[in-house]
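Visitor: Listed here are the chains, written in short residue letters.
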Amino acid sequence: MADAAELKSQIKEMIVERLFLDVDPADITDDENLMETHDVDSVRLFEIVVGLEEVFDVSFEDADFTVETFSTVNSIAEYVTSKTG
Amino acid sequence: MSPETERVVRIPCDGEALHGVFHDCGYDDGVEGREWGMVFCDPFAEEKKCAHRVLVEAARSLALANFACLRFDYRGCGDSPGGFGDFGPGDWIGDISAATEFMREEFGVARVGILGLRLGATMGLMAPQRGARIDFAVLWEPVIDGGRYLNLNLKRSLIKAMMTDGDAFDADAVRDRHADETLVDFDGYTVGLSAREAIAQLSLLADPPQFAAPTLILNLGSRDEPARGYRELAELMDDATVGAVVQEPFWNRIGLASAEQAIEATELWLAELQTRTMLDTGAAEQ
Chain Z
1 MADAAELKSQ IKEMIVERLF LDVDPADITD DENLMETHDV DSVRLFEIVV
51 GLEEVFDVSF EDADFTVETF STVNSIAEYV TSKTG
Chain W
1 MSPETERVVR IPCDGEALHG VFHDCGYDDG VEGREWGMVF CDPFAEEKKC
51 AHRVLVEAAR SLALANFACL RFDYRGCGDS PGGFGDFGPG DWIGDISAAT
101 EFMREEFGVA RVGILGLRLG ATMGLMAPQR GARIDFAVLW EPVIDGGRYL
151 NLNLKRSLIK AMMTDGDAFD ADAVRDRHAD ETLVDFDGYT VGLSAREAIA
201 QLSLLADPPQ FAAPTLILNL GSRDEPARGY RELAELMDDA TVGAVVQEPF
251 WNRIGLASAE QAIEATELWL AELQTRTMLD TGAAEQ
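Chains Z and W, in that order, give the protein sequences.
Counting in this note's numbering, the first sequence runs from 1 upward without gaps.
Counting in this note's numbering, the second sequence runs from 1 upward without gaps.
Simulated from the structure, these hints should not be mistaken for lab results.
Bear in mind the structure is a predicted one, so any value in this text is a computation, not a measurement.
Backbone N, C-alpha and C fix where the C-beta goes; we use that ideal spot for every residue, glycine too.
Worth double-checking, as some hints may not be accurate.
Partial list, derived from the structure: chain Z residues whose beta carbon lies under 8 Å from chain W [said to hold, decoys possible]: (1) R18; (2) F20; (3) L45; (4) F46; (5) D62; (6) A63.
Label-pair restraints from in silico Cβ distances [claimed, not checked]: (7) W:R148 <-> Z:D39: 22 to 30 Å; (8) Z:E54 <-> W:D207: 20 to 28 Å; (9) Z:F20 <-> W:D86: 32 to 40 Å; (10) Z:V23 <-> W:E235: 34 to 42 Å; (11) W:M278 <-> Z:S59: 48 to 56 Å; (12) W:I254 <-> Z:N33: 19 to 27 Å; (13) W:E105 <-> Z:E54: 38 to 46 Å; (14) W:D14 <-> Z:E6: 51 to 59 Å; (15) Z:E32 <-> W:D170: 24 to 32 Å; (16) Z:N33 <-> W:L64: 39 to 47 Å; (17) Z:S59 <-> W:E225: 18 to 26 Å; (18) W:S258 <-> Z:D41: 16 to 24 Å.
Throw the hints in and build the complete structure from the sequences for me.
Guide: Printed below as a string of structure tokens:
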């Protein structure tokens, strides 16, 4: 399992790639609100969920679907760690 | 619609008439020369709606490249007769078969292929098992595993509800709508339980289709290399090429209507197929 910084870096790269964002992954801060900053709507969030499942081999349960889980890179990393750690 | 090259057609199928649009490749009626043609196999439900414009553009581009194209609506979909929940994959595979025969009989197309997207690509690949004569196939991001496809559909519904319902979001209620005993909510479309079960049973890797014709499997996504499932599928087929195009998933987008890279890759492969066919024909005649 990657350390916390490496995990967040991987998450940022996955988000930029999956959402075809024209930003450097390193420019995404750990605590910025993804939905506000990068217009993450339900369609884009679906891409993030599929990306997380494929890249980190996690599987989302019904109870995992909360807005807070996907708000920031920090919250996503926390979720992935809870599933894989 | 260009009245000179595109026309609405009615495709006979099981006593009904499917709605279709024929994109001529530029030859007049009755003139020998429609050598190559393609039947478009649409995706399912919301993906069909999102992909509509891109598939129109693809048909127009291919027609300019001298491939006559036939787009049509499955029974219960679009402008075709019947209710959405009354049909399922077995019926729609039959519709694909009817459309390919229509291309040959009505328009005299000698070599009929398919261009399928998502679930449409999967069903097109299975059509020969129902008697369809398909000479080549282009599969855009085919659904490999019906169970995973349904599972992702449930997740899509959960995300939509989570984003729109706020504090009233009830994951159990969403899941219940996906597992009703008779009808199933498929991303806002109500489908019959039997159709859902038929989709769940689709598995191109566990039960590979008997499809020997030249095939292009095109991975459309954020990576420029094919997913492992597509590589494995190609290995299970007799004459399949697998490729990848960096392309936003337009079948999941509303308002994004460009698939230039996918169309370009398709036309390149088709040109190579034409050359190969010409060489094979020439060699056979000598």
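Visitor: Hints first: check each against the structure and report whether it holds.
Guide: The hints, checked one at a time:
1. R18: This hint holds: R18 (chain Z) lies near chain W, its Cβ roughly 5 Å from the closest one there, short of 8 Å.
2. F20: OK, holds: F20 (chain Z) within 8 Å of chain W, min 5 Å.
3. L45: holds, 5 Å
4. F46: holds, 5 Å
5. D62: holds, 4 Å
6. A63: The hint holds - A63 (chain Z) has a Cβ within 8 Å of chain W, the shortest such distance being about 7 Å.
7. W:R148 <-> Z:D39: 22 to 30 Å: holds, 27 Å
8. Z:E54 <-> W:D207: 20 to 28 Å: Cβ of E54 (chain Z) to Cβ of D207 (chain W): about 23 Å, so the range 20 to 28 Å holds.
9. Z:F20 <-> W:D86: 32 to 40 Å: Roughly 38 Å apart at Cβ, these two residues keep to the hinted range, so it holds.
10. Z:V23 <-> W:E235: 34 to 42 Å: holds, 37 Å
11. W:M278 <-> Z:S59: 48 to 56 Å: The hinted range 48 to 56 Å holds for M278 (chain W) and S59 (chain Z), with Cβ atoms some 49 Å apart.
12. W:I254 <-> Z:N33: 19 to 27 Å: holds, 23 Å
13. W:E105 <-> Z:E54: 38 to 46 Å: holds, 44 Å
14. W:D14 <-> Z:E6: 51 to 59 Å: The hinted range 51 to 59 Å holds for D14 (chain W) and E6 (chain Z), with Cβ atoms some 57 Å apart.
15. Z:E32 <-> W:D170: 24 to 32 Å: Holds, since E32 (chain Z) and D170 (chain W) (Cβ atoms, about 29 Å apart) stay within the stated range.
16. Z:N33 <-> W:L64: 39 to 47 Å: Given about 46 Å between the Cβ atoms, the range holds.
17. Z:S59 <-> W:E225: 18 to 26 Å: holds, 24 Å
18. W:S258 <-> Z:D41: 16 to 24 Å: holds, 19 Å
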